[in-house]
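Chain by chain, the residues run as shown.
2 protein chains.
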Amino acid sequence: MSIVREKVTIIGSGNWGSVIAKIIGNNVRKYPAVFQESVNMYVFEELVQGKKLTEIINETQENVKYLPNVKLPSNIYAEPDLLKSVKDSSLLIFVLPHQFIDGTLKTLKGNIKSDAKAISLIKGVDVRKGGLDLISHVISRELEVDTSVLMGANIASEIAKEEFSESTLGYKNKDNAELFKLLLETPYFKISTINDIAGVELCGALKNVVAIAAGICDGLNAGQNTKAAVIRIGLMEMKKFARLFYDGVRDETFFESCGIADLIATCQGGRNRKIAEAHAFTGKSFAELEETMLNGQKLQGTLTAMEVHQILEKKDLVDQFPLFNSVYEVVFKDVKCSQLLHKL
Amino acid sequence: MSIVREKVTIIGSGNWGSVIAKIIGNNVRKYPAVFQESVNMYVFEELVQGKKLTEIINETQENVKYLPNVKLPSNIYAEPDLLKSVKDSSLLIFVLPHQFIDGTLKTLKGNIKSDAKAISLIKGVDVRKGGLDLISHVISRELEVDTSVLMGANIASEIAKEEFSESTLGYKNKDNAELFKLLLETPYFKISTINDIAGVELCGALKNVVAIAAGICDGLNAGQNTKAAVIRIGLMEMKKFARLFYDGVRDETFFESCGIADLIATCQGGRNRKIAEAHAFTGKSFAELEETMLNGQKLQGTLTAMEVHQILEKKDLVDQFPLFNSVYEVVFKDVKCSQLLHKL
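Those protein sequence lines, which keep their order, are chains P and Y. All residue numbers for the first sequence refer to our numbering, where the first residue is 1 and numbers rise by one. All residue numbers for the second sequence refer to our numbering, where the first residue is 1 and numbers rise by one.
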């Protein structure tokens, strides 16, 4: 019996994608019986000081644009052609910005190995025609592959420095989950697996809405009791929302890194909290603050708050989510921040 | 049928006791059909600038020593004689420091109304002859009364300012829980009830051990992923510990204010976190820092860490609680703080 070893492609090469590439490059060498040594990383080609980013990465083993000063293992190969990058690959790691997923899947459709397995590290939900969709489900459907997810309190720069972190892998197929865990876990990056894709993935999206509420508390100079209560109520609404739309969402998921831990980290640091704090403090609009404070980066929380609101409105369930609704009203309806606390 | 209205006594008059007295004084007036208007507050007598504290409180309606600048309702009567304070009382609110509970119960035994009901706001566990005991159980047993508990993210000074907070009331007898909820809840102090005394009460004690671990993270300048992971792992050990020693501990309890919310607040602020941070940063012993930084207040977390360790050692379960054990070793065994992260 000959065993075909898994060939890995990382689709995406931003900050998080590059950190994951570092982990994967090292791990495939640890388990040569399971994985092929050479790992592809699909890189959206761009010029950095007149030179192609893929060439820089392949020559210097450093993603100078998105993860400077960190050496990638020499078995990471940057490839600007998406289809070439996935050729013969059996494990696909999706780690690119939300807005590029549709185009990427369109190109990949019909062009990947039939027995490929995918995992999504993309945070966010998909709203299509007013309905809720998970990005992992979109990948599964479009490519006809099993798709797991990985979410947690995972600030990329800290993991790049090998500081202790945890993460949660949500799966439907346990064998695939164990394979991805082998590929992604390190002593400083501990992964637990749970059979609840929807719960894990929704945590990653909805936490940003709660972080806006936490930031409003900070901007209003609210006490620690209040902020802790807001985070707790937010977690309860995340759980309720997930349950409402998906079967099989588990309580335990919210105790995992993707749940409370990611929520705690996001409500302490993170840009959603920061912009909301500035809004509560200065009264400037979220759009203006996003423009002046974020250096071209986009706020996820406001977009998710809008999408969640559309979905809840359609189902006539807005009143059951006072925190989500208050965030929506503060961001989009000019409602005063202090109202948020009165509605809880 | 004549209805006997409930007479309330608050046993304790520190910072938290005085804040609770303010709430209770107002609430009994809101529900005159249920509660008698006059409320007793047992005050351990002391002299403040040459005058008795009880006299000051009864004349000025202000606990100048433990809650200055906050007026208590005029129906709060400060009483220095413990037995007089509980005469005819049917609702007993225990809110005094842990170390005074034994003496207090000894005096009260056989001297309270047979149909009295109690609630404990005291945080901490009791270790007797190496075994674990809950303070609410000690009260129940000694006085032969049903005893509920109230715990949560409840920094007293913030509640005194009527900032929004939540709290969790753990009960065995639902009717009594509803009565205490009526007595204690306000629009800014929201109470949820749950049939799990042990879970609620252990949260209030064990969170201080986790706060020491969180403070160590801060002192080591650990990243946000790491601190969030430590808090999460701490919550899981709290849950596991509670389950190990008591039946009927519920998952939901840890989602309540007494669980995650109190833990978040305690791991952000609070003296256990602060002293642990200073220890990790300066290397000075906990005892020395307690002496120099706390102005005579005592650290709960180190004591609880010691008690928990004794109990786990006796049952040969230390290895199943790496975080609790690491905190114990850092505090009492001179183990380096950085070891804490390596053990997780």
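Source of the hints: derived by calculation from the structure; they are not laboratory data. Treat each hint with caution, since some may be false.
One copy or two, it doesn't matter: identical chains are merged, so the pair holds either way.
Below, simulated BS3-like cross-link-like pairs (lysine-lysine); rule was C-alpha separation at most 27 angstroms, straight line [claimed, not checked]: (1) Lys161 - Lys113; (2) Lys343 - Lys190; (3) Lys315 - Lys343; (4) Lys284 - Lys84; (5) Lys181 - Lys30; (6) Lys274 - Lys161; (7) Lys174 - Lys117; (8) Lys161 - Lys336; (9) Lys240 - Lys174.
Small disclaimer: the values here were computed from a predicted structure and weren't measured.
Taking the hints in turn, this is what the structure says about them:
Taking CA atoms no more than 27 angstroms apart as the test, Lys161 paired with Lys113 passes in neither setting, with 34 angstroms inside one copy and 63 angstroms between copies. Taking the closest pair of Cα atoms, Lys343 and Lys190 come within 27 angstroms of each other only across two copies (12 angstroms); inside a single copy the shortest separation is 38 angstroms, beyond that limit. Taking the shortest alpha-carbon separations for Lys315 and Lys343, only the intra-copy value of 21 angstroms comes in at or below 27 angstroms, while the best inter-copy value is 47 angstroms. For the homomeric pair Lys284 and Lys84, neither the shortest alpha-carbon distance inside one copy (46 angstroms) nor that between copies (58 angstroms) is at most 27 angstroms.
Taking the shortest Cα distances, Lys181 and Lys30 sit within 27 angstroms of each other inside one copy (13 angstroms), while across copies they are farther apart (58 angstroms). Taking the shortest alpha-carbon separations for Lys274 and Lys161, both the intra-copy value of 23 angstroms and the inter-copy value of 26 angstroms come in at or below 27 angstroms. Only within a single protomer do Lys174 and Lys117 lie at most 27 angstroms apart by alpha-carbon distance; the minimum there is 12 angstroms, versus 51 angstroms between protomers. With identical chains, the CA atoms of Lys161 and Lys336 are at most 27 angstroms apart between copies only, with a shortest distance of 21 angstroms across copies and 40 angstroms within one.
Taking the closest pair of Cα atoms, Lys240 and Lys174 come within 27 angstroms of each other both inside a single copy (25 angstroms) and across two copies (25 angstroms).
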